Amino acid sequence: GENVGLHLPTLSVQEGDNSIINCAYSNSASDYFIWYKQESGKGPQFIIDIRSNMDKRQGQRVTVLLNKTVKHLSLQIAATQPGDSAVYFCAESGNYGGSQGNLIFGKGTKLSVKP
Amino acid sequence: DTGVSQDPRHKITKRGQNVTFRCDPISEHNRLYWYRQTLGQGPEFLTYFQNEAQLEKSRLLSDRFSAERPKGSFSTLEIQRTEQGDSAMYLCASSRAANTEAFFGQGTRLTVV
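Keeping their order, the protein sequence lines are chains H and E.
Every position in the first sequence, counted from 1, becomes a number in the numbering used here once 143 is added.
Every position in the second sequence, counted from 1, becomes a number in the numbering used here once 446 is added.
Because the hints were derived from the structure by calculation, they are not lab data.
The structure displayed is predicted, hence computed values, not measured ones.
From the three backbone atoms N, C-alpha and C, an ideal C-beta is built for every residue, glycine too.
Some hints here could point you the wrong way.
What the hints assert, rightly or not - Cross-link-like lysine-lysine pairs, in silico, DSS-like; alpha carbons within 25 angstroms at most:
{"hint": "1", "chain 1": "H", "residue 1": "250", "chain 2": "E", "residue 2": "503"}
{"hint": "2", "chain 1": "H", "residue 1": "211", "chain 2": "H", "residue 2": "199"}
{"hint": "3", "chain 1": "E", "residue 1": "517", "chain 2": "E", "residue 2": "503"}
{"hint": "4", "chain 1": "H", "residue 1": "214", "chain 2": "H", "residue 2": "253"}
{"hint": "5", "chain 1": "H", "residue 1": "199", "chain 2": "H", "residue 2": "253"}
{"hint": "6", "chain 1": "E", "residue 1": "460", "chain 2": "H", "residue 2": "185"}
{"hint": "7", "chain 1": "H", "residue 1": "214", "chain 2": "H", "residue 2": "199"}
{"hint": "8", "chain 1": "H", "residue 1": "185", "chain 2": "E", "residue 2": "457"}
{"hint": "9", "chain 1": "E", "residue 1": "503", "chain 2": "E", "residue 2": "457"}
Claimed, not checked - Some chain E residues flagged as far from chain H (calculated, every beta-carbon gap over 12 angstroms):
{"hint": "10", "residue": "461"}
{"hint": "11", "residue": "483"}
{"hint": "12", "residue": "501"}
{"hint": "13", "residue": "529"}
{"hint": "14", "residue": "554"}
The shape of chain H in the complex, shown without the other chains:
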């Protein structure tokens, strides 16, 4: 079946640099996307979401970009801090087939921030 995946399993950045985490999705019917941050032993923490009628959305230090043409999603973190070290997941959902807004997750990208 179609699912969400990630280009890079690990990402190491220097503190203060910008981070870009990528995600590819294959279901063109997906119309809602969320980025989550998960620290070890904790549940996923909501970061930012975006709907398919948008191509960019900004939050505090984070920006999500959506390219529906190539089915690509990215999360940009500005001025990455040690506290940003975690695993990041993208998730997609939509109303298609038997799924009515169910979130489907990819495997995650581990972000490591070097001081």
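Got chain H sorted already, so can you dock chain E onto it with the hints?
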């Protein structure tokens, strides 16, 4: 704390025993989801409720698994005759509606020995 609450946080059980987990969603959230997560993997969908109605179940949800949300508020997930392969983090999430922000609890880590 008005976030999603899960209980217990950790559970160790012997193979063959039954276990039950509880999830209290954010107040007034109509949707409640259960996910399972193993080490190094993303959360895998198990089932979800719209109010008290269980609308979708994953193929991962074998006959040994059952979930309820009797009054449309809290939910329970029961696993009967646990197996070692059931060892995982069980996550609950809630949202106001479909395709809106979904917030997760801290999860229940199940270890079957």
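Practice task
If any of the earlier hints don't hold here, list their numbers in rising order.
Solution key: 11, 12, 14
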